[in-house]
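S.K.: The listed protein sequences correspond, in order, to chains A and B. Take the first sequence: its letter number 8 is residue 8 in the numbering used here, and every next letter is one higher. Take the second sequence: its letter number 2 is residue 1002 in the numbering used here, and every next letter is one higher.
Note that these hints are calculated values from the structure, not bench results. Hints should not be assumed to be uniformly reliable.
Quick look at which bits of chain B chain A covers, simulated, 3 or more residues with Cβ under 8 Å [stated by the list, open to error]:
no., stretch
1, 1035-1047
2, 1147-1158
3, 1259-1271
Computed cross-link-like contacts, DSS-like style, restricted to lysine-lysine with a CA-CA straight-line distance of at most 30 Å [as the list claims (entries may be wrong)]:
no., chain 1, residue 1, chain 2, residue 2
4, A, K11, B, K1174
5, A, K66, A, K46
6, B, K1174, A, K46
7, A, K10, A, K133
8, A, K10, A, K66
9, A, K10, A, K65
10, A, K65, B, K1174
11, A, K46, A, K68
12, A, K65, A, K11
If you're wondering where the values come from, they're calculated on a predicted model, not measured in any experiment. C-beta: ideal position from N, C-alpha, C; glycine also.
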Amino acid sequence: MSGRMTSIIKKSQWVYLLGLAGCNGCDIEIIASVCARLDPERLGVKIVSSPRHADILLVNGTVNKKLKKPLKEIYDQMAEPKLVVAVGSCAISNGPFRECYNMACRVDEVVPVSIYVPGCPPRPHAILYGIKKAIDMVK
Amino acid sequence: MLSIIVALVFGIFASWLLRNIAARAEGRVGPPLLQPVWDILKLLSKGAIGNVAIVLPLVSLLLVAFAVLNLPFRDNWGGDLIVVLYSLTASSIFTTIAGVVSGSPFSRMGGSRELQQTLLAELLLVASCFSVVVLSNSTSFQSIEIYYMTHGYNLFLIFTFVAMLVACQAKLRKAPFDIPDANVEVAAGPSTEFSGYVLAMHELTYILELYALPMLACFVFFGMNYAAALMMSIIIIFVIGIAAASNARFSTHTGAEVLFFTFIFALMMTAIMYIGGRFYGTFV
C-alpha cells in the first residue's frame, strides 16, 4: 500500500463488534468505550453494522464449537485490508471457560489477531487504546 | 460539471454537519470536518466483494448526479422539476433493487422498507412541489422563479413547505424516518452487502442527495438565486439534523402512516390553491 493510502486509512476506521460466547461483561465495556464519554468518532472510529463495511473486527468472548465457523465466515466477509482486535481474557485464552466441554479453540487459532486487549473485562480506555494500536500497525 | 463539484463539497459539509449535530446533542465532540472525505477515500481504496449487484449503486449514483445537473445553477436555467423528481425516485428504486438482489436477508428486508418509504415520500414530494406548480402554471424552474418575481411570496406555501421538509427527512433516511437502514433491526439495510468502492458509491449517492433535496426545496418554494439557496439549504440541513437528533425511530407502520397523512394534507393544500387560483385569479 502506498504511503498516502496508509495515512487515509489511519484517519477512518470502521469497526464491527462481534460478541462470541462470553459472559457479556466485555460487551458492556465495549459499548461504554464507543459511547459519548470517550467519543471514538472524534478519532474517526465508527461502529458499522455489517462486516462488509468494516476495517477492524473487534472480537470478545470464547470460541465454542458452534461459533468457530461463523467467526471464520465473518472474517472472510471483510474487505482487505482488515485487522482483528481480541478483547478480554476469553478472546485471548478462553479465560475462565477454557476447560469447558464445549470449547473449540482460541480466537487466534481461527483468525489472525493483531492486538490483544487483556482484562476481565478490560477498561473502556484500554479497548479504545487497543483500536488505536491496531491502526498504528497498518504499514 | 461545476455544479457536481459544488454539490460534492456542499454534501460533504452537510454530512459532517449532520454527524456533528448528532454528536453535540449527545454531548460529544464529533468528527473532524474532513471525516466524510477520509471515509470515502478509504472506501475507494479498499477492495470490493460482491455479486452482480455492484453495478446498481453506480446507476443510482448517476441518476442522482443527473438530478443535480438539472437543478438551477446559473441564471436562465432550462431545468425542469419533473426530471429532478423522476431521477431522485429512480435512484432510490435502484438502491432498493441493489439491496434485494445482493442476497442477504437483511438487505432484502431493508430494500423492501426502502421501497415502501420511497414511494410514500415521493408522493409527498410531488404533492408539495405541485402546490407551487399550480400557482405558476409551469414545471420549469425558470417560470417558478418568474412567478415569485411577479407575484411575490405566498404565505400559504408555508404548509406545503413543512410537508416538503418531512419528505426530505424521509428521502434522506434520517430519524425518525431511518426505517430502511435501522441498524439494530436490519443491519445496514440495502447496503449491508456492499463493500469497498461499491459502498463508496452508495455514500456518494447519499452526499449528492444531501445537496439535491434541500436545494430543490429552496428553488421550488422560494425561487431563490443560487447563493441564497445554498445558505437556505444549510438551514434546512440544520433543521433536519435537529429533528433527527431529537427523535426516536418510527415503527414501519407509524412511519408509513405519518407520510401518508402528510401527503393527504399536502394534497388538500394543493387542491385549495388550485381551486383558489381557478376561481379568484391568483390565490391570497
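S.K.: Out of the numbered hints, which ones does the structure contradict?
M.R.: The structure conflicts with hints 2, 3, 8, 9, 10, 12, although it agrees with all the remaining ones.
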